[in-house]
Structure formats: structure tokens, C-alpha cells
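Each chain, letter by letter, is given below.
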Amino acid sequence: MRDTAGSQTATRWVLRVLVVGYLFLLVIWPVVLVAQETFAHGLAPVIDALRQAEVIFAFQLTLSAAFWAVVINTIFGVGISLLLVRYTFPGRRTLNALVDLPLAVSPIVVGLSLILVYSGRTGWLGGSLEQAGLQIIYAPPGIILATAFVSMPLVIREVMPVLQEIGTEQEQAARSLGASALQTFARITLPAIRWALLYGVVLSLARSLGEFGAVKIVSGGVAMRTQTATLLVEERYQQFGVENSIIAYTAAFILALIAVVALVVVSSFQPQKGRR
Amino acid sequence: MTHRTGVVEPPPLDSPIAGAATNAAGRRLLRGRSATSLTRASGLGLGVALMWFSLLVLIPLTAVLVQASEGGWSAYWESLRSPQTFAALRLTVGQAILVTVVNIFMGTTIAWVLVRDHFPGKQVLEVVIDIPLALPTIVAGLVLLSLYGPSSPLGVNWANTPVSVFLAFLFVTLPFIVRTVQPVLLEIEPEVEEAAASLGASQFTIFSRVILPSLAPAIASGAALSFCRAISEYGSLVLLSGNLPYSTEVASVRILSYIEGDKLTEAAALASILLIVALIVIVILDVISRRVARYA
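Chains as they are written, first to last, in the numbering used here: chain A, 1 to 276; chain B, 1001 to 1296.
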């Protein structure tokens, strides 16, 4: 009996060391090195880099595109979750499977697909939209579309299970007592899904800020016009000179910082998730 | 629970990606909940939602398939069989399979340690697992470059070699199997393992006869997700792999260079392969989650 207990402890230790070592080499050490590299020349160059007009522009563009993508995804996500959970209609099962498609498709394929439809020169709809004065590809609307595409399922995936679990008794009670559909949603449904919704919004925002491949194709990446933060990292890293490299590392560090903060915020919601 | 007549009860739906293998308990709760057929207002809502979904996702993805078929079957095969494209596909699929196999082993091990073992700092590891998913892919490439690139403190330089493709895939797919296996492992009571041990089963027997069968659906869905993510990866490779034709060029990079060369039909042909794999993975996940729900 003691032998099995001993070998169990040994296995436990082997696995523990294997897992910690693996994660250290694959994630922890490389991430720490990037932080070190960013501040290798001290704080002053990093602050200088953040003052550059192109860096400020890139982050402003990224933030505004992410903001609109998240707003669109939140409204669409809550709407489609309510429809999928609360109603029956033909094609419901197919639609449910298809809303996950954006997470499974390569960002490059996303970019190509948007070009094929919205490019002003050759796109199916792009020509007529351009005549109506709306340029999408190589312009901010294209960046918003690409960002909304890749982060679309995140809100839905969080909200749908909660909607299924809370059921309809309270909503039906509210309706039978004379509340309007809007009142029922604002007073009963929304409070019940608020944590899941917030979780989905944070995930969606993190994904939107970091999108690279799809945005690269639809935006063209022109500095001060359509260059987002991730595109700035790529461009500056590939240019020569310490200054460019510091700008690349600084922008990357800020993006990584936002991602990690979002992650910590999200995992602090985990208890609420577990309780539901 | 009794039903009013006229209330139609839809079958519960799971997100194939989020729900595979884990929502069985939730599904059982759902029976007996009611929902209705469309009213006028919700019908209008569905119309608007479908229109947006079509404009954003369905029409563009259909355009890829239409563009791919532009030159007919022979042109389609011809563009896929061009040596450079074929080399890119072979590298992508080969490395994706290799990474998925490593993930099946490491992901399950990590999940087991996170659920069954207790040591200081375990909470930190929970966050570390999700970092690859949260980090922008271009930053992920920069991160890997810092330890495995030219200025590596380890003295290795794997930048611009096929190993860098393997590393990038390994990094971005880290969370998938861990996160699908973990919840299932949490539901298996440790008592079951202890009972098997007290009856004299060896650790290997316990794992392969008691734990593994219940984990299989979760591992399968995690593996499908991880394969799908690997073959579609682009951002983390840009700075890391050098995108050298016949050596480190993956399918996504090949599509991009077709787009930049204004060869949209060739780009769409290769993109259609990735798109079809994505659709197959979604169907597989849907089937797995439905089977798990049936037997739960």
C-alpha cells in the first residue's frame, strides 16, 4: 500500500514539473523577455515612442474600430441569442452552428472574403456602395467590418447558455402582469444575463484590439490613415534602427498588457460564472 | 412541469464550439423550458439579424467559394497543384497534425494537473493557459522570437526555420484541449479513481480504463479545435517564420501573396480548402456534443 502511495507521489511530481516546465518555456519566459526588451533602454524611450503621432493615431484607430465592432456585436449577439434560445423557426439549428464559423475561419480568409464583396473595384457590392459615397475596403469601415467578423461569436457564446438556464418563468410572469416586451427585457432578462454579457464584451474587446490578419488585408495599412496598432508593430519591427524597434516593442507591450488585464478581469468573473 | 397547450418546445441548442462535451448537465435542465414560435416583432428582429449576418459573414464566405470556382474544376485543381501552393499546404497540414498530437498529450496532462494536483501558484498557471488566446497574434510572434529567435538566451535560433512554424502553432493552440478537458475532469469524482486503486488497479490501468473513456469526447473536440486553429494561423508567423517559399510558407501566407499579386481566383481556391476544413470541424463538434448529451 505504501508503495502505491509512494509511486503516486512520484508521478504527481513528475507531471507537475513537466507541466510547469512546459508552460514556462512556451509562455512565461518568452512573455517576460518581451517585457524586458521593451524597457531595456529604460523608461524614457518608451514614453517618447508613445508620444509619436503615428503611434497615437494607430491606437486611436484601433480603439475606435474595436469600440464600434463591440457595440455591433453586443446588440447583434444579444438579439440573436434571444432568438435562438426563445423562439423556434426553420433553420434554427443551422444558424446556431453557423454563428460559430467566424472563430474557425482563418483571418486571411476573412479578409479575402470581405475584399471579394466590398472592394470598390471588383467587389459584388463594393462598386455600388462606392458610387453611393461609401468606401469600405482600404478605409475605416472595412476595419470595423473585419473586426466585427472575427469577434462576432464571443458575446453569443457567453450569453446563450445563461439565457437557456434562467428559463422563461420570470419573463412570462412579468408579461402576464402587464409589462411590455421592452420592460421585461430591461427589468428581468438584462439583469439576469449581465455578468455573462460583460464577460462576452471583455473577450470581444480583447479580440478586437488584437486583430491582425483580416485587418491587414482590408485596410492596406497606410500610416496615419488605416494603420492599426497591430499593423504598426509589424511595420516598425521590420524596419531598421533602434528607434523603430522600441516603437514596435512598446506598441506590442501595450497590446499585451491590455490582453493580460482583460484576462485577469475576465477570470475574476469566474466565480459568478460557476455559481450560475 | 406541465405545459400549456400551444407552447412549442424547441430542442435545446449548444454552441458547437463552446458546448462540445461539457454542457450535458445543462442540457438536461433545459427539457421542460418553453419557447414560442415567432411573433411579429421577433420575426422582424430575426429578419434584421439575418440580414446583418448575411452581409457580414454568409455572402462574403460564399463569394470565396464562387470566386474559387471561377475557372472551373481544372483551373481549381491546377492552382492547388502548383508546387509552391502544394508545399505550403503540406507544411501547414503536417505541422498542424503534429501540434495536435502534442496537444492531445500535453493538454490532457495540464488539465489533469490543474484539476487533481494542488500547489502554490496553480492559480497563476490558470491565467498562463489563456495568455496565448488573449495575446494579439502579432505579439505572440514577437514573444516567441524573444526566446527562440536570433537573440535567444537559450542559444538556439529557430527563426525562419520550419521549427518556428511548429512553435507558433503550439503556442496559439495551447488552451483548446486544456479548456475542453478540464470541466469534464472536474465532474469525475476522485472517489472513482480511489475505488479502482483500492481494488488493486495500477495507475496506468486507472487512467486508461476509468478516466480516458470519459475524457475521449472532450479530447476529440479540443483536438478538432486545435487542428482548425493551427491550419488557419497567420499573425504569429509573420515576424517569426520569414515566410520562405517551400520551407516555412504556410497556407495563409500563400493566400495573402496571391491577394497581393491580384490573383484572387488562386487565393480563393486555397482559401476554400481552409473554409471547408473549418466547416467540417464545426460539424464534427456538433455531432460530438449531441452524442455526449444523449448518453449523459
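Take the hints with a grain of salt, since some may be wrong.
The following label-pair restraints were derived from C-beta to C-beta distances [unchecked claim]:
1. Gln52/A x Arg1290/B: 31 to 39 Å
2. Met224/A x Phe1119/B: 29 to 37 Å
3. Asn1157/B x Val261/A: 28 to 36 Å
4. Ser267/A x Glu1189/B: 24 to 32 Å
5. Phe39/A x Ala1195/B: 52 to 60 Å
6. Leu1212/B x Ser267/A: 48 to 56 Å
7. Ser1202/B x Val261/A: 20 to 28 Å
Listed next, the stretches of chain B that the computed footprint assigns to chain A, with coverage defined by at least 3 CB atoms under 8 Å from CB atoms of chain A [claimed, not checked]:
8. 1056 to 1065
9. 1075 to 1082
10. 1088 to 1100
11. 1137 to 1147
12. 1155 to 1164
13. 1182 to 1195
14. 1275 to 1282
Pulled a few chain A residues facing chain B out of the computed Cβ check, cut under 7 Å [to be verified]:
15. Val71
16. Ile75
17. Gly79
18. Leu197
19. Gly210
Think of the hints as simulated: they come from the structure by calculation, not from any bench. All of these numbers come straight from a predicted model, not from anything done at the bench. For glycine and all other residues, C-beta sits at the position ideal for the given N, C-alpha and C.
Results for each hint:
Range check, Gln52/A to Arg1290/B: about 53 Å between beta-carbon atoms, so the 31 to 39 Å window is missed. The given range of 29 to 37 Å is broken by Met224/A and Phe1119/B, whose C-beta atoms sit roughly 50 Å from each other. The beta-carbon spacing between Asn1157/B and Val261/A, approximately 32 Å, falls within the hinted interval of 28 to 36 Å. A beta carbon spacing of about 25 Å between Ser267/A and Glu1189/B agrees with the range 24 to 32 Å that was offered as a hint.
With their beta carbons about 54 Å apart, Phe39/A and Ala1195/B fall inside the hinted range of 52 to 60 Å. Here the CB-CB span from Leu1212/B to Ser267/A is close to 28 Å, at odds with the stated 48 to 56 Å. Our hint of 20 to 28 Å for Ser1202/B and Val261/A is violated, since their Cβ atoms are close to 45 Å apart. With 8 residues carrying a beta carbon less than 8 Å from a beta carbon of chain A, the region 1056 to 1065 of chain B meets the three-residue requirement, and the given coverage holds.
Under a criterion of three residues with beta carbons nearer than 8 Å to beta carbons of chain A, the stated coverage of the region 1075 to 1082 of chain B fails, only 0 such residues being counted. Counting residues of the region 1088 to 1100 of chain B whose beta-carbon sits less than 8 Å from any beta-carbon of chain A gives 0, not enough to reach three: the coverage restraint is violated. With 8 residues carrying a beta carbon less than 8 Å from a beta carbon of chain A, the region 1137 to 1147 of chain B meets the three-residue requirement, and the given coverage holds. Given as covered by chain A, the region 1155 to 1164 of chain B fails the check, having 0 residues with a CB less than 8 Å from a CB of that chain where 3 are the minimum.
With 0 residues having a beta carbon nearer than 8 Å to a beta carbon of chain A, the region 1182 to 1195 of chain B misses the requirement of three or more and the stated coverage is violated. Taking a C-beta to C-beta cut-off of 8 Å, the region 1275 to 1282 of chain B contributes 5 residues in contact with chain A, enough for the three needed, and the coverage statement holds. Checking Val71/A against chain B: minimum C-beta separation of about 13 Å lies over 7 Å; hint violated. A distance limit of 7 Å between C-beta atoms decides the matter here; for Ile75/A the minimum to chain B is near 9 Å, and the interface restraint is violated.
Of the supplied interface hints, the one on Gly79/A holds, with its beta-carbon coming within about 5 Å of a beta-carbon of chain B, less than 7 Å. Because the beta carbon of Leu197/A sits about 15 Å from the nearest beta carbon in chain B, more than 7 Å, this interface hint is broken. Satisfaction of the interface hint for Gly210/A is found here, the shortest Cβ-Cβ separation to chain B being roughly 3 Å, below the 7 Å cut-off.
Of the numbered hints given earlier, the model fails hints 1, 2, 6, 7, 9, 10, 12, 13, 15, 16 and 18; all others are met.
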